[in-house]
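Line by line, the protein sequences are chains A and B. If you're matching positions, the first sequence starts at 1 in full-length UniProt numbering and goes up one per residue. If you're matching positions, the second sequence starts at 1 in full-length UniProt numbering and goes up one per residue.
Each hint should be verified, as a subset may be incorrect.
Unchecked claim - Covered by chain B, per the in silico footprint, the following chain A stretches (three or more residues, Cβ under 8 angstroms):
1) 169-177
2) 194-200
As the list claims (entries may be wrong) - With a straight-line Cα cutoff of 20 angstroms, these simulated DMTMM-like cross-link-like pairs (lysine to aspartate or glutamate) come out:
3) K112(B) x E82(B)
4) K227(A) x E179(A)
5) K166(B) x E265(B)
6) K85(B) x D361(A)
7) K25(A) x E2(B)
8) K305(A) x E390(A)
9) K25(A) x E390(A)
10) K85(B) x D367(A)
11) K25(A) x E363(A)
12) K74(B) x D361(A)
13) K364(A) x D79(B)
14) K202(A) x D275(A)
15) K360(B) x E335(B)
16) K126(A) x E2(B)
17) K262(B) x D196(B)
18) K127(B) x E358(A)
19) K126(A) x D102(B)
20) K74(B) x E363(A)
21) K202(A) x E84(A)
22) K85(B) x E363(A)
23) K273(B) x E192(B)
24) K126(A) x D64(B)
25) K529(B) x E518(B)
26) K166(B) x D102(B)
27) K188(B) x E82(B)
28) K305(A) x E329(A)
29) K25(A) x D64(B)
30) K25(A) x D267(B)
31) K158(B) x D196(B)
32) K364(A) x E82(B)
Since the hints were derived computationally from the structure, they do not count as laboratory data. For every residue, glycine included, the Cβ atom is placed at its ideal position computed from N, Cα and C.
Below are the chains, spelled out letter by letter.
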Amino acid sequence: MALEPCTEVPATNIKKSNTDLSVLKERGQREVFCGLTGIVWLHRKMQDAFFLVVGSRTCAHLIQSAAGVMIFAEPRFGTAILGERDLAGLADANEELDRVVDQLLERRPDIGTLFLVGSCPSEVIKLDLAKAAERLNHRFFPKVRILNYSGSGIETTFTQGEDACLGSMVPVLPHSQDEPSLMVVGSLADVVEDQFQRLFDKLGIGPVYFFPPRRAAQLPPIGKGTKLLLAQPFLSDTVRSLISRGATLLPSPYPFGIEGTTAWLKTAADAWNIDHERFEEAIAPQVNRAKIALERYRQALTGRKAFLFPDSQLEIPLARFLSRECGMELVEVGTPYIDRLLMDTEINLLPVGTALSEGQDVEKQLDRCREARPDITVCGLGLANPLEAEGMATKWSIELVFSPIHGYDQAADLAELFARPLERRRRLTV
Amino acid sequence: MELTLWTYEGPPHVGAMRIATGMEGVHYVLHAPQGDTYADLLFTMIERRDRRPPVTYTTFQARDLGGDTAEMVKTSVRDAYERFKPQVMLVGESCTAELIQDQPGSLAKGMKLPIPIVSLELPAYSKKENWGASETLYHLVRTLLLPLVPPPNTHKPKREAHIRPKANIIGPTALGFRCRDDIREVIKLLAEIGVDVNVVAPMGATPDDLLRIPDADFNICLYPEIALTTCNWLQRSFGQPTIKTVPIGVGATRDFIAEIGKVVEIDVSEALKRSQSDTLGNWDVSRLSSANNPNASRLPWYSRSVDSTYLTGKRVFIFGDATHALAAARIATEELGFTLVGIGTYSREFAREVREVAKKHGLEAVISDDYLAVEAKVAEAAPELVLGTQMERHIAKRLGIPCAVISAPIHVQDVPARYSPQMGWEGANVIFDSWVHPLMMGLEEHLIGMFREDFEFAEGHMSHLHTAPSQDSRRESLVTEQAIAATGSSNQAVLTPVAQAVAQTVDGITWSVDGEAELKKIPFFVRGKIKRNTEKFASDHGISTITLETLYEAKAAIGK
Ligand code: SF4
Ligand code: SF4
Numbered sequence: 001m002a003l004e005p006c007t008e009v010p011a012t013n014i015k016k017s018n019t020d021l022s023v024l025k026e027r028g029q030r031e032v033f034c035g036l037t038g039i040v041w042l043h044r045k046m047q048d049a050f051f052l053v054v055g056s057r058t059c060a061h062l063i064q065s066a067a068g069v070m071i072f073a074e075p076r077f078g079t080a081i082l083g084e085r086d087l088a089g090l091a092d093a094n095e096e097l098d099r100v101v102d103q104l105l106e107r108r109p110d111i112g113t114l115f116l117v118g119s120c121p122s123e124v125i126k127l128d129l130a131k132a133a134e135r136l137n138h139r140f141f142p143k144v145r146i147l148n149y150s151g152s153g154i155e156t157t158f159t160q161g162e163d164a165c166l167g168s169m170v171p172v173l174p175h176s177q178d179e180p181s182l183m184v185v186g187s188l189a190d191v192v193e194d195q196f197q198r199l200f201d202k203l204g205i206g207p208v209y210f211f212p213p214r215r216a217a218q219l220p221p222i223g224k225g226t227k228l229l230l231a232q233p234f235l236s237d238t239v240r241s242l243i244s245r246g247a248t249l250l251p252s253p254y255p256f257g258i259e260g261t262t263a264w265l266k267t268a269a270d271a272w273n274i275d276h277e278r279f280e281e282a283i284a285p286q287v288n289r290a291k292i293a294l295e296r297y298r299q300a301l302t303g304r305k306a307f308l309f310p311d312s313q314l315e316i317p318l319a320r321f322l323s324r325e326c327g328m329e330l331v332e333v334g335t336p337y338i339d340r341l342l343m344d345t346e347i348n349l350l351p352v353g354t355a356l357s358e359g360q361d362v363e364k365q366l367d368r369c370r371e372a373r374p375d376i377t378v379c380g381l382g383l384a385n386p387l388e389a390e391g392m393a394t395k396w397s398i399e400l401v402f403s404p405i406h407g408y409d410q411a412a413d414l415a416e417l418f419a420r421p422l423e424r425r426r427r428l429t430v
Numbered sequence: 001m002e003l004t005l006w007t008y009e010g011p012p013h014v015g016a017m018r019i020a021t022g023m024e025g026v027h028y029v030l031h032a033p034q035g036d037t038y039a040d041l042l043f044t045m046i047e048r049r050d051r052r053p054p055v056t057y058t059t060f061q062a063r064d065l066g067g068d069t070a071e072m073v074k075t076s077v078r079d080a081y082e083r084f085k086p087q088v089m090l091v092g093e094s095c096t097a098e099l100i101q102d103q104p105g106s107l108a109k110g111m112k113l114p115i116p117i118v119s120l121e122l123p124a125y126s127k128k129e130n131w132g133a134s135e136t137l138y139h140l141v142r143t144l145l146l147p148l149v150p151p152p153n154t155h156k157p158k159r160e161a162h163i164r165p166k167a168n169i170i171g172p173t174a175l176g177f178r179c180r181d182d183i184r185e186v187i188k189l190l191a192e193i194g195v196d197v198n199v200v201a202p203m204g205a206t207p208d209d210l211l212r213i214p215d216a217d218f219n220i221c222l223y224p225e226i227a228l229t230t231c232n233w234l235q236r237s238f239g240q241p242t243i244k245t246v247p248i249g250v251g252a253t254r255d256f257i258a259e260i261g262k263v264v265e266i267d268v269s270e271a272l273k274r275s276q277s278d279t280l281g282n283w284d285v286s287r288l289s290s291a292n293n294p295n296a297s298r299l300p301w302y303s304r305s306v307d308s309t310y311l312t313g314k315r316v317f318i319f320g321d322a323t324h325a326l327a328a329a330r331i332a333t334e335e336l337g338f339t340l341v342g343i344g345t346y347s348r349e350f351a352r353e354v355r356e357v358a359k360k361h362g363l364e365a366v367i368s369d370d371y372l373a374v375e376a377k378v379a380e381a382a383p384e385l386v387l388g389t390q391m392e393r394h395i396a397k398r399l400g401i402p403c404a405v406i407s408a409p410i411h412v413q414d415v416p417a418r419y420s421p422q423m424g425w426e427g428a429n430v431i432f433d434s435w436v437h438p439l440m441m442g443l444e445e446h447l448i449g450m451f452r453e454d455f456e457f458a459e460g461h462m463s464h465l466h467t468a469p470s471q472d473s474r475r476e477s478l479v480t481e482q483a484i485a486a487t488g489s490s491n492q493a494v495l496t497p498v499a500q501a502v503a504q505t506v507d508g509i510t511w512s513v514d515g516e517a518e519l520k521k522i523p524f525f526v527r528g529k530i531k532r533n534t535e536k537f538a539s540d541h542g543i544s545t546i547t548l549e550t551l552y553e554a555k556a557a558i559g560k
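Please construct the entire structure, taking both the sequences and the accompanying hints into account.
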């Protein structure tokens with residue numbers, strides 16, 4: 001289906017390749033989470049960290065709802081809810097924050113790193129969390145390190161929360177002497193991290209650091225010799241600040257699917273001058289295994305139409321995987337925003353003429369989706385059941401952020417996530 | 001600023017969404033940043049609604065701040081009107097928009113749309129979800145009905161005796177606790193006594209339906225947290241009396257019928273008599289099929305059956321919204337024979353009522369929306385059953401206590417596919433089952449515990465309802481109990497790291513090896529109580545080491 005670009009971006013380009021691709025830029029109601037949601041997986045990743053949102057009752061309600069209402073009896077996140085009194089005068093709010101932090105650290109003496117997370121209300125009233133963090137560090141560092149970032153919905157969407165969180169850690173990363181070293185940036189499931197570590201070892205690439213680390217207190221070092229390989233495509237600010245600390249970016253497709261994973265590892269291998277044969281030999285067992293596993297789902301998916309609503313920034317790499325490795329047709333690939341620095345290698349791999357959209361007017365997008373009747377629609381939880389009720393098979397995009405989907409051994413799992421809703425529809429007779 | 005890990009209520013605009021989503025023909029334009037659209041999933045995921053809530057968010061961003069945002073409100077209002085053609089539009093803001101002061105309600109009103117615009121000003125920094133729902137319903141009803149209010153002292157013609165009285169059912173919303181099924185049950189109850197239903201609102205109503213509210217003889221305030229303000233206004237403006245009893249439980253259902261009988265002067269004695277039929281030993285042929293009598297609950301009989309004997313004096317802790325907590329207290333004590341060891345609510349607006357009930361049971365009510373404070377109180381009371389919300393389900397799990405959910409906030413499993421009302425006769429049946437089953441599981445677990453040595457029982461084989469506390473956590477809860485007893489302060493008990501508490505015992509009292517071994521043989525669901533009793537006995541008698549003998553002496557002195 002051809003997309004009408006909106007007036008903001010005249011579609012004058014005739015596109016031969018995807019680098020000068022015209023993108024439909026939409027403004028209107030967006031149906032995405034704010035960056036606070038990143039806390040839900042970050043607190044699992046860094047188990048010695050606590051996330052204290054400085055925000056409103058809405059913010060508290062959001063992370064509670066996004067965290068599956070209540071998965072954890074004692075979560076490692078909480079909210080300092082602003083009240084009328086705090087809005088009245090700022091000095092007061094700072095004292096209040098200190099009091100809440102005292103209360104929290106007393107309750108949880110195990111906290112090693114405390115993130116003060118800004119929200120829309122705290123930004124609008126200009127509560128200076130950087131200052132607060134500095135002040136609190138004077139009192140608690142080195143026992144507790146206090147960092148701050150904003151996950152506000154006026155500044156960030158969904159996965160940008162992780163970008164902001166990692167970004168806040170960059171200035172305190174220790175200086176590295178390693179020449180060279182690899183830093184894998186973006187949180188991965190521990191099991192995936194281990195798989196990659198084994199592959200890097202086999203290839204002779206190292207030392208390898210993962211950022212974020214499993215323990216927030218064990219920060220990876222950074223320096224001139226650090227080469228950055230991105231595991232997640234939503235880390236625009238983090239990458240730029242890592243670069244400003246001397247690191248270099250290895251631009252690459254992301255490690256989704258067999259092709260993406262190979263390209264990703266190859267990027268690192270080339271930087272380490274690993275010869276071709278050794279590389280092929282190292283990855284061969286995994287690749288073969290993955291191919292066999294993927295084939296079953298490829299058959300189920302091939303020729304099917306997919307429509308991706310904007311959500312996590314994973315849409316473009318996933319669309320690439322779905323079209324090139326699963327044989328799916330892409331109706332529309334929506335994404336919250338496009339950072340060319342991080343996305344060009346992926347965009348170039350999309351079929352020429354793929355309908356890309358950036359931002360969202362959810363009502364218009366729903367109209368397009370209904371008209372196209374895709375076989376599978378990837379969307380947020382707020383839209384999934386209503387679309388199912390209209391007879392469309394959906395895949396919740398949030399599951400793609402929470403599940404281990406990177407790397408060879410997860411390639412088939414990733415495809416399975418898309419095949420499952422179709423399989424379900426096939427089975428049901430009622 | 002207030003530290004919270006979980007909240008019982010969302011912000012007030014979520015309350016407004018619950019009204020809009022329950023109705024037809026109403027659309028809500030909400031001035032809010034993009035992240036606030038998460039609220040949609042409460043309805044589409046948790047309540048499994050097949051449609052999106054009728055809400056359009058402006059989703060402004062930082063770069064829009066300073067000028068653009070007011071324009072965004074107008075665009076959103078215009079677009080939403082064009083697309084959805086609602087009969088009434090609600091316009092409001094969330095916490096962030098409140099700070100940038102665009103006055104979306106006035107902006108929308110200035111646009112001269114051909115439909116009523118209800119401007120919602122719901123202070124997000126001082127109020128919460130239920131209040132927001134209540135205000136929204138009130139402003140909506142008031143906006144539509146104000147032109148119809150008769151001048152003061154207008155004489156209201158008396159209903160003629162042969163005309164059946166008509167009732168409005170006020171209060172059920174989207175995302176309420178079992179509202180969908182409760183309505184059906186209440187309509188059935190009313191039919192039984194010859195009352196017709198005029199309007200049910202907000203759930204399922206259109207704005208036109210709201211305009212018909214004054215046609216009814218009286219209003220049923222079904223969920224006071226949401227309906228009371230509106231009912232009071234209707235009473236003042238249209239002279240419609242309010243039925244205040246909420247028919248949850250057998251006794252309350254009888255009272256509900258009686259109250260309606262009195263208010264609208266109809267004879268309900270037959271209905272009341274029928275509702276008694278199963279209970280009082282007046283067994284006769286006419287009641288042979290009483291088990292199938294839809295106009296009576298099985299609860300009274302089930303409660304009397306010998307199998308229920310073990311429910312006697314079960315220690316129960318209740319927490320929820322005020323309506324459900326109050327109803328639960330009455331059912332638990334009068335209809336199931338439990339002992340109330342704690343009661344509380346997060347509905348501050350109804351604190352007085354809950355305090356009164358607590359006092360009747362010699363307790364102090366927990367009026368709080370602080371999850372941590374509630375957790376501390378539950379630990380302190382050491383109940384055998386918790387009746388609460390989604391939050392207490394977690395508290396209970398942590399403490400290894402069975403739990404049933406009786407009130408919002410809820411999770412997807414609290415929106416069952418089957419018919420499971422809380423109100424009326426069938427509601428009482430549902431309540432019997434859903435409160436007693438977790439306890440049955442408790443019994444089952446005890447048996448499993450007794451046979452634990454048997455090789456057929458794999459380690460960790462426990463009830464399917466909740467994972468039983470592991471050896472470790474069992475030890476932990478024992479220690480927690482000790483800590484509670486030791487400090488006398490629940491707060492500290494919960495907050496004190498477990499390791500620290502190990503050394504502490506009550507007034508330096510310790511358990512001998514044989515005493516502790518004997519204690520472990522006691523079924524776990526009474527073990528806590530026996531342990532506490534024994535320690536108290538020991539300290540009263542200046543005994544410093546509790547032996548096997550002490551245990552039995554205490555038992556003889558105190559009783560079970
Ligand atoms: S996705 Fe749905 S079922 Fe799962 S935790 Fe969230 S609300 Fe509950
Ligand atoms: S969008 Fe803003 S106000 Fe809303 S939950 Fe996110 S940070 Fe809080």
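Consistency of the hints with the structure:
1. As drawn, the segment 169-177 of chain A meets chain B at 0 residues by the rule of a beta-carbon pair under 8 angstroms; below three, the given contact is violated.
2. Residue count for the segment 194-200 of chain A with a Cβ under 8 angstroms from a Cβ of chain B: 0. That is fewer than the three needed, and the coverage hint is violated.
3. With a CA separation close to 14 angstroms, the supplied pair K112(B) and E82(B) stays within the 20 angstroms bound.
4. About 10 angstroms separates the Cα atoms of K227(A) and E179(A), which keeps this hinted pair within 20 angstroms; it holds.
5. This hinted pair checks out: K166(B) and E265(B) have alpha carbons roughly 12 angstroms apart, not beyond 20 angstroms.
6. Taken as a hint, the K85(B) and D361(A) pair is honoured in the structure, with Cα atoms around 18 angstroms apart against an allowance of 20 angstroms.
7. Straight-line distance between C-alpha atoms of K25(A) and E2(B) comes to about 40 angstroms, which puts the hinted pair past the 20 angstroms bound.
8. Proposed proximity of K305(A) and E390(A) is supported: the alpha carbons are some 17 angstroms apart, at most 20 angstroms.
9. With a C-alpha separation of about 26 angstroms, the suggested pair K25(A) and E390(A) falls outside the 20 angstroms cut-off, and the hint is violated.
10. Only pairs whose Cα atoms come within 20 angstroms are accepted, and K85(B) paired with D367(A) is accepted, the gap being roughly 17 angstroms.
11. In summary, the hint linking K25(A) to E363(A) is supported, as the alpha carbons are separated by about 14 angstroms, within the 20 angstroms threshold.
12. For the hint pairing K74(B) with D361(A), the CA-to-CA distance comes to about 16 angstroms; that is within 20 angstroms, so the pair holds.
13. Between the alpha carbons of K364(A) and D79(B) the distance comes to roughly 11 angstroms, so the proposed pair stays at or under 20 angstroms and holds.
14. Proposed proximity of K202(A) and D275(A) is supported: the alpha carbons are some 13 angstroms apart, at most 20 angstroms.
15. A C-alpha spacing of about 16 angstroms is found between K360(B) and E335(B), which places the hinted pair at or below 20 angstroms, so the restraint holds.
16. With a C-alpha separation of about 19 angstroms, the suggested pairing of K126(A) with E2(B) holds against the 20 angstroms cut-off.
17. Proximity of K262(B) to D196(B) is assessed by CA-CA distance (about 16 angstroms); at most 20 angstroms being required, the pair is judged to hold.
18. In summary, the hint linking K127(B) to E358(A) is not supported, as the alpha carbons are separated by about 36 angstroms, beyond the 20 angstroms threshold.
19. Our distance criterion of 20 angstroms between C-alpha atoms is met by K126(A) and D102(B), whose separation comes to about 18 angstroms.
20. Only pairs whose Cα atoms come within 20 angstroms are accepted, and K74(B) paired with E363(A) is accepted, the gap being roughly 17 angstroms.
21. In summary, the hint linking K202(A) to E84(A) is not supported, as the alpha carbons are separated by about 58 angstroms, beyond the 20 angstroms threshold.
22. Restraint check: the Cα-Cα separation between K85(B) and E363(A) comes to about 14 angstroms, which is no more than 20 angstroms; the hinted pair holds.
23. For the hint linking K273(B) to E192(B), the alpha-carbon distance of about 12 angstroms falls within 20 angstroms, and the restraint holds.
24. A C-alpha spacing of about 16 angstroms is found between K126(A) and D64(B), which places the hinted pair at or below 20 angstroms, so the restraint holds.
25. Restraint check: the Cα-Cα separation between K529(B) and E518(B) comes to about 14 angstroms, which is no more than 20 angstroms; the hinted pair holds.
26. Straight-line distance between C-alpha atoms of K166(B) and D102(B) comes to about 43 angstroms, which puts the hinted pair past the 20 angstroms bound.
27. For the proposed pair K188(B) and E82(B), the alpha carbon gap of about 40 angstroms is over 20 angstroms, so the pair is violated.
28. As the CA atoms of K305(A) and E329(A) are separated by approximately 5 angstroms, the hinted pair is consistent with the 20 angstroms bound.
29. For the proposed pair K25(A) and D64(B), the alpha carbon gap of about 16 angstroms is at most 20 angstroms, so the pair holds.
30. Under the criterion of a C-alpha separation no larger than 20 angstroms, the hint pairing K25(A) with D267(B) is inconsistent with the structure, at around 68 angstroms.
31. With a C-alpha separation of about 17 angstroms, the suggested pair K158(B) and D196(B) falls inside the 20 angstroms cut-off, and the hint holds.
32. Our distance criterion of 20 angstroms between C-alpha atoms is met by K364(A) and E82(B), whose separation comes to about 13 angstroms.
Going down the numbered hints, you'll see the structure goes against 1, 2, 7, 9, 18, 21, 26, 27 and 30, while the others check out.
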